[in-house]
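Chains as they are written, first to last, in numbering that gives the first Met the number 0: chain A, 0 to 436; chain B, 0 to 436.
These are computed hints drawn from the structure, not numbers from a lab.
The reader is advised that the hints may include incorrect statements.
Claimed, not checked - Covered stretches of chain B, as calculated for chain A (at least 3 residues, CB under 8 Å): (1) 224-232; (2) 255-267; (3) 291-304; (4) 360-366.
No residue lacks a Cβ here, since even glycine has one placed at the ideal position from N, Cα and C.
Protein chains: 2
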Amino acid sequence: MPVTLNTSDADFEARFGEMLSAKREDSVDVNDVVAGIIRDVRHRGDVALCDLTSRFDRLDLTPATMRFSADEIAAQVAKVSVEDRAALTLAADRIRAYHERQLPEDASWTDAQGATLGWRWTAVSAAGLYVPGGQAAYPSSVLMNAIPARVAGVERLVICVPTPDGVVNPLVLLAAQLSGVTEIYRIGGAQAIAALAYGTDTIAPVDKITGPGNAYVAAAKRQVFGKVGIDMIAGPSEVLVIAEGDQHPDWLALDLLAQAEHDADAQSILITTDPALGHAVAGAVDRILPSLPRAAIAGASWRDYGTIIIARNLDEAADLSNRIAPEHLELCVDDPDTLAAKCVHAGAIFLGPHTPEAVGDYVSGPNHVLPTARSARFSSGLSVLDFLKRTTIAKLTPGALAAIGPAAMRLAASEGLQAHGASVEARIRILNERPAE
Amino acid sequence: MPVTLNTSDADFEARFGEMLSAKREDSVDVNDVVAGIIRDVRHRGDVALCDLTSRFDRLDLTPATMRFSADEIAAQVAKVSVEDRAALTLAADRIRAYHERQLPEDASWTDAQGATLGWRWTAVSAAGLYVPGGQAAYPSSVLMNAIPARVAGVERLVICVPTPDGVVNPLVLLAAQLSGVTEIYRIGGAQAIAALAYGTDTIAPVDKITGPGNAYVAAAKRQVFGKVGIDMIAGPSEVLVIAEGDQHPDWLALDLLAQAEHDADAQSILITTDPALGHAVAGAVDRILPSLPRAAIAGASWRDYGTIIIARNLDEAADLSNRIAPEHLELCVDDPDTLAAKCVHAGAIFLGPHTPEAVGDYVSGPNHVLPTARSARFSSGLSVLDFLKRTTIAKLTPGALAAIGPAAMRLAASEGLQAHGASVEARIRILNERPAE
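One chain only, chain A, in its complex shape:
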């Protein structure tokens, strides 16, 4: 049995607070190692990439073989089954359709003083997507990162994916192809992030790097941030399921386990208004768990971080949800829309019993890269906006400058910035000396 809390218990606040502040991740300090790798790639370029790939991935490359050729990609992609291809294509189409709606609009207007104001969105010129190798090489993550970038209009999109011992995941290459990415390097780890940020003779630098990775990749992203943009650094994943008493315990148990099987540090939380349902779900988890191939991982997550909370009512559940600010929030209740309106801090909400979180990982359309570790209080999932930037626009007529310029002069004087004021004043003086335009 996982921890079970009841909001009516005297010690609930203390125990809930403990849960909120519990650290689920061992942060290994790899900063020095990573700094060394980045320095090496900056100084020795392609030679460093080949050396490091030989050392870490047991794969001998040359600058000429770093990049997958078109033939190599085609040969790998041809290995994918018709069924897998159909599923990945359906996912890509739905993710594209969702993200196309996120494209923001430019704006321009002229105000009463004659100032034309607005903004304009433009795409990042080049973006690099990191795809982890090995067990965590999720083709779905390729779609979730590459498609928003494509939709945003990023001209050059690069993928770096390690292929330890030369092993390639054909689905990752198919996902890249479905996303329109053809520049793919078999380079991984901190060295890939360094190459993307600083460039080498073979890999031109990019402006923004996104995608998940291990501790070395995460540390490298932090270190190159500023030189390039990065997406969030994701922590362990979590799901919060809020359920009323009439829900199917097995469904809820599977949803909790789907989160738990990601990672021993993942967290699955159930809040229910019905103690009997809480008990039934705990039982269902115990019954289903041993049958999972990833039972060891899911079991550790459920044992260490699994939590069932009995709440008095759904309003209380919503309050707790807002304090948790979950990455994924599933509302298995009769009126999920009303409850969703009260849940203001969450990465993604899944409404009703027929929207298991797992469809959101793959095919529903919204992005599965979402804020973890309570950061949904202040941040959002990956979107088209992450690959765009906004330039503000201002164009004043002489009349507009005459109308609002004196206020700028006054404020510049109050801040002790005389050239600021003089740059406005010189223009207004000339206007005053000649006939009105």
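Once you have looked at the hints, place chain B on chain A.
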């Protein structure tokens, strides 16, 4: 004379590249000191805040006197002249009007499969704004940070501003009042950032921290990032002016000097198609510079980083501008709209000769917190979006799940995540066992 480059010179690429990669900032490593301050505030709370304020700001506070009382604010605000108040009010009104247009729209639609999808924007619950003390205490920065937060709908907005030796800037308090902020603490430095991120008995924690500050404040923001959201860490400011030959040299010289007077590390660049104009502007800078109260700062900036580039034509100027990705871009040309369309990487563009950058610092309406150090390639200025976050929404009917669920099951299997697939499959199986809904 500053550096003058000509795109026709054989060594132009090399020298332009040098300029782009030049580091303008001495980054003092204060990370250990700052980590100690954060630890101290986390452990000793208000006591640490009072001790540190006494040590760094020579001001003795108690928990009861940390916060400005309503009477204290009123007394300070009453000192502001009618003219300053009018200027600040005009600025606040224009900034508010601009940012109100940035409020994004929620979306919801139902697709052909019966999936209702969309997203919803909600405000960060609590935000903390850091305002530097001393010379850099710019009331305009209070408006530029607090008003977007207010417009976004942030419920609780807190200002921390150091008052070394007890000296208060009445305009800062007026700017806070005009922005609707009443919770203001006379705490500064890394200790203020620690208090905002982790909270003390007196200062409740916030979810997002924005605002400029010195190296200690910047390091503290980096260290608390993740626990809370932060805005960008700004580097030294820069302006790029692109001008054709018929422009007034004094105006351009003043615009370059307005940037240079901010900081010895600031950079002012002129690109012109007319060598004679370049020469005239350089002369005007030399003539005007000695008359500025901040001549020492502006002179150092212009000497060390000022650059004049002679370009063959405006298309070439636009290409160079995109490589510089300037924070501020001023287009003093006959057809600024056409040129602006070609300049895709810039924080803010000021079109035409009557839009000096200085009006953008105060009163034009767009935000003056903008991406520095070439980061306009991948990031945007501060906006209402920085105080909002987006929650994605998905709600599937049983029919929608039956239509797209099998693809999710297939992909889950390919990624080895069995509980993911089972959570979908269990629901679809039940659907198949009972009459269609």
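Structure-based check of all given hints:
no., hint, result
1, 224-232, "holds (count 4)"
2, 255-267, "holds (count 5)"
3, 291-304, "holds (count 4)"
4, 360-366, "holds (count 7)"
Every hint from the earlier list agrees with this structure, and none is contradicted.
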